[in-house]
Amino acid sequence: MRASIKTLPKAEWTRQHAAHLLKRASFSGSKREIDECFHLGLNASVNLILEGRQPGAASTTVKKRIDPQLLAKLPTLPNQEYVSDEGMKTAYQRHQQKLFTLQLQWLQRMLDSGPLEKIVLFWHGMLTSSYNKVLSAGFMMRQNQLFRETAFGDYRELVKRILLDPAMVVYLDIDKNKRRQPNENFARELLEMFTLGEGNYQSALIKKIAREIVGLRLKRREDKLPYEEIDLKGMEDNTGFSDQEKRLSKLIDSLFDLPVCGELLVRRLWKFYVSEDQVDEDRVKFLAYELRKSGWEISVVLKQIFLSKVFFDTSVMGQQIKSPVQYLVQAHKEVGALTIDPQAALYTMQKLGQSLFNPPNVSGWSAGMTWINGTTLSARYELSKIMGRVMQQQGTPASKVFYELMKKNHDQGLLIMLDHFIATSLPAVKSELFVAMAKRVKSEEHVEIFILYLMCMPEYQMC
Amino acid sequence: MSRENEIALSLARREFMKTGLLASFSLPTLLNYSALAGPIPKVTAKHKTLVIIQLDGGNDGLNTVVPWGNSRYYRARENIAIKEADVLKFTGVRAAEGLGVHPQMEYFTELFQEGKLAVINNVGYAQPNRSHFKSGAIWESGLDGAVMASEDQIRNSSGWLGRYFDKHCGGESNLVGAYYGDSPLAMRGQAFTGTSISDLQSQPFGFMKLGEDMALHPAFRKMQEAAKNAEESSGEKLSFVRNIAAETQTSTDQMRKFLADVKQRGGDFPRTGLGKQLGMISELIINGGDTRVYQARIGGFDTHSGQAAKHAKLWKEINDALRAFMGRIKSTGLENDVAVMTYSEFGRQLKENGTGGTDHGAAAPMFIIGGGVKGAIYGKPPTLKGDQVNNYGGLAYEIDFRSVYKSILEQYLKVETLGIISDKHPALKLF
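Which chain is which? The protein sequence lines are A and B, in order.
Going by my numbering, the first residue of the first sequence is number 287, and it counts up by one from there.
Going by my numbering, the first residue of the second sequence is number 27, and it counts up by one from there.
Each hint should be verified, as a subset may be incorrect.
Unchecked claim - Pairs of lysine to any residue, SDA-like flavour, derived with a Cα cap of 25 angstroms:
| no. | chain 1 | residue 1 | chain 2 | residue 2 |
| --- | --- | --- | --- | --- |
| 1 | B | Lys160 | A | Phe558 |
| 2 | A | Lys419 | B | Lys302 |
| 3 | A | Lys419 | B | Gly207 |
| 4 | B | Lys302 | A | Arg474 |
| 5 | A | Lys637 | A | Asp459 |
As the list claims (entries may be wrong) - Counterexamples of contact, computed for chain B against chain A with all Cβ distances above 10 angstroms:
| no. | residue |
| --- | --- |
| 6 | Leu114 |
| 7 | Pro129 |
| 8 | Gln153 |
| 9 | Gly261 |
| 10 | Ala271 |
| 11 | Glu361 |
| 12 | Leu410 |
| 13 | Ala453 |
Think of the hints as simulated: they come from the structure by calculation, not from any bench.
Note that beta-carbon positions come from the ideal geometry of N, C-alpha and C, so glycine has one too.
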């Protein structure tokens with residue numbers, strides 16, 4: 287086993303590294319935040335991030351509340367043209383509204399406190415539940431809050447708590463286990479998706495766990511019709527788990543005692559924060575060991591990752607395809623917006639292939655190249671057009687910031703702007719046309735158009 | 027300074043936001059529909075075209091093709107059975123005795139009379155699944171293993187049309203398949219996913235106003251080209267995105283070029299969801315697009331309650347849209363080059379439920395329509411005897427849906443089906 291992972295030498299730290307750190311550990315930053323992160327240095331920035339704070343963010347952020355009127359004025363949700371049944375349509379619409387309210391609120395949190403919400407997004411993808419099955423905004427919100435409370439904390443504790451989480455109980459039918467026919471589905475997910483990973487357990491273990499969780503019940507959970515809301519109030523005096531809690535806790539402990547436990551989590555963290563490419567197995571073993579040693583503190587692993595030299599390697603920087611959520615929140619950050627635009631959010635949730643609180647299946651989103659196809663790429667181009675409007679309407683428009691810079695020193699300002707939006711090489715800069723355009727930029731409006739061009743480049747899809 | 031540079035530099039935001047340099051990526055909304063004047067020109071087809079109408083939600087087969095001659099039907103459905111007097115009965119063919127269609131389906135009886143309607147009884151598959159999503163995925167996949175696989179596994183595999191595109195449409199653009207609604211698994215292959223045509227007629231978001239000029243702005247094109255021709259050193263994922271960007275541009279260009287040639291519009295299509303879809307599809311077909319398979323969608327078939335009114339409304343919509351569509355196709359001489367197939371993820375149970383509806387079942391009839399179709403009744407009408415009704419009340423299948431797919435592929439699209447549909451399923455003789 288390797289002793290450690292090489293850290294990035296202090297002398298090598300650049301502004302580009304700072305930008306990369308904020309893109310991956312958060313949802314990028316405004317120009318000011320990136321500058322601040324660079325000045326703080328890697329160590330201090332990572333420490334802030336692991337407290338869930340964005341380096342350089344104003345400490346007294348005015349939290350923008352979502353204007354309820356905006357919600358009421360939302361455009362008609364698509365796909366309803368195919369539903370002819372009026373009753374279904376209303377129920378569908380009602381749920382769509384609830385789901386979208388959840389989504390919009392979370393997206394706003396992401397914009398407000400990136401590093402914290404990034405890890406919440408990680409958990410949502412790993413220990414996932416879906417509104418489509420749970421059909422309760424309250425349950426989904428509660429689960430989201432559980433992820434937020436855990437954040438960079440105790441992985442084992444989170445797994446224990448997620449088994450008792452109402453949304454998860456409904457999502458994985460945990461409470462539908464009958465003694466005669468133990469449902470092995472949940473047991474399988476617990477081993478495969480939450481703890482050990484595929485191929486690292488035997489079917490006897492599945493059967494054992496399935497037997498253990500027989501009898502788990504959400505108290506007073508009523509049978510429900512499709513599209514019927516589960517009553518959250520019925521949950522509040524829920525004490526139904528207590529008699530089994532200890533046994534369950536021991537069961538989870540025994541899983542975490544297995545040497546392989548932790549490797550799955552490290553792999554997923556690596557994939558989420560660093561790279562989808564094959565991760566070095568020695569590195570996984572080392573980080574999993576550190577994780578176990580720390581008493582399952584995620585922050586320990588992430589700290590090692592964020593400080594490492596490999597995290598800033600050219601094979602990593604700018605080599606991840608942005609998820610739709612990353613795209614949306616990052617674009618807001620980059621153009622200097624303070625409030626998530628509802629229309630941009632709705633468009634993202636419905637057209638780009640990642641609807642928050644609604645993952646396609648128990649393994650979350652498959653990410654990487656699956657984000658991009660002809661339809662979703664066109665949708666991303668369309669979204670950048672919406673972002674143009676957002677840029678005009680709120681905050682300190684990036685166009686203004688960069689125009690000021692370019693007035694002082696045209697070429698330098700331009701380069702900073704390119705770095706701000708494009709995380710990778712941009713062949714277009716070599717084209718004569720690009721140079722000519724860049725040279726003639728002489729108003730804020732020109733900069734704005736230029737930014738929209740940049741957002742429609744294939745390179746803009748990378749982070 | 028080159029002309030292109032000048033164009034680029036004179037770009038003003040107004041123009042940019044309005045005509046939408048970016049808008050050129052979504053397909054034009056409004057074809058210039060001038061009322062058709064003069065005789066309709068005849069068109070020669072480059073290839074056969076299949077139009078699928080997906081009946082989303084699980085269509086009640088027994089109230090669609092009604093076994094009015096079978097008393098078990100009436101016993102099981104005291105409230106929602108179609109009265110014998112209301113059934114539009116098939117006549118003239120022995121196999122059609124005791125069968126007819128829902129009173130809203132007049133056009134289907136006309137098609138049957140003309141020998142252009144194939145009614146295939148009891149279509150389904152072994153070990154039927156009652157989940158909309160899973161059963162839908164099984165139908166779309168067409169793979170034998172699908173029934174035993176998880177829904178995710180099915181969704182991660184390929185669809186029957188996708189395999190057809192891969193095998194027989196290599197080198198063509200993604201326009202070989204075109205669909206309304208969500209990207210269908212059926213059209214997913216290794217190299218193909220199909221192209222969404224939803225945006226041709228409806229813009230989901232009102233703020234996108236598209237101008238008439240759809241030409242891509244030269245400046246943007248140049249920049250995209252630079253990206254396309256970039257050296258490979260930029261990493262696998264970025265290269266991938268660049269390729270998709272280039273491909274997307276190509277197929278958008280093709281579609282735009284093609285639509286620019288669409289000059290007229292005829293036929294009197296009902297202003298319903300399906301009417302609009304079939305109207306647009308007829309236009310695309312008549313103008314000689316490369317699309318082999320279109321998929322239209324109509325939803326609302328999940329009639330657990332108050333079925334009678336809902337079901338009638340749905341079939342009226344289909345009946346009227348189809349009449350307009352086939353009329354339009356026939357008027358341009360393409361009748362033998364277009365076939366329509368209807369399918370639903372499952373049928374419904376024999377017995378009505380307590381809320382004037384029916385619950386998820388299994389086998390149901392399918393329709394194939396077209397000038398080249400051998401109009402007939404395929405398979406026996408449901409007996410509705412105990413042995414045909416499965417343990418939860420759905421109907422057992424007699425014809426596997428893959429036998430229908432195979433017939434379409436082999437006899438209509440004239441391709442070999444090895445690797446597309448398993449050889450366990452003999453093709454019906456529908457054409």
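Comparing the hints with the structure gives:
Distance hint between Lys160 of chain B and Phe558 of chain A is unfulfilled; the C-alpha atoms sit about 29 angstroms from each other, more than 25 angstroms. Among the hinted pairs, Lys419 of chain A with Lys302 of chain B is inconsistent with the structure: their alpha-carbon atoms are about 32 angstroms apart, more than 25 angstroms. Distance check on the hinted pair: Lys419 of chain A and Gly207 of chain B sit about 21 angstroms apart at the alpha-carbon level, within 25 angstroms; holds. Restraint check for Lys302 of chain B and Arg474 of chain A: the C-alpha separation of about 46 angstroms exceeds 25 angstroms, so the hint is violated.
Distance hint between Lys637 of chain A and Asp459 of chain A is unfulfilled; the C-alpha atoms sit about 29 angstroms from each other, more than 25 angstroms. The claim that Leu114 of chain B is not at the interface with chain A holds, since no C-beta of that chain comes within 10 angstroms of its own (minimum 22 angstroms). The claim that Pro129 of chain B is not at the interface with chain A holds, since no C-beta of that chain comes within 10 angstroms of its own (minimum 18 angstroms). Every CB of chain A is more than 10 angstroms from the CB of Gln153 of chain B (nearest about 18 angstroms), matching its label as outside the interface.
With a closest Cβ-Cβ approach of about 5 angstroms to chain A, Gly261 of chain B is found to fall inside the 10 angstroms limit, against its non-interface label. The Cβ of Ala271 of chain B does not lie farther than 10 angstroms from every Cβ of chain A; its closest approach is about 4 angstroms, which violates its non-interface assignment. In this structure Glu361 of chain B is separated from chain A by more than 10 angstroms, as the shortest Cβ-Cβ distance comes to about 28 angstroms. With a cut of 10 angstroms on Cβ distances, Leu410 of chain B stays outside the contact zone with chain A, its closest approach being about 27 angstroms.
For Ala453 of chain B, the non-interface assignment is confirmed: its Cβ lies about 31 angstroms from the closest Cβ of chain A, beyond the 10 angstroms cut-off.
Of the hints listed earlier, those the structure fails to meet are numbers 1, 2, 4, 5, 9 and 10, in rising order.
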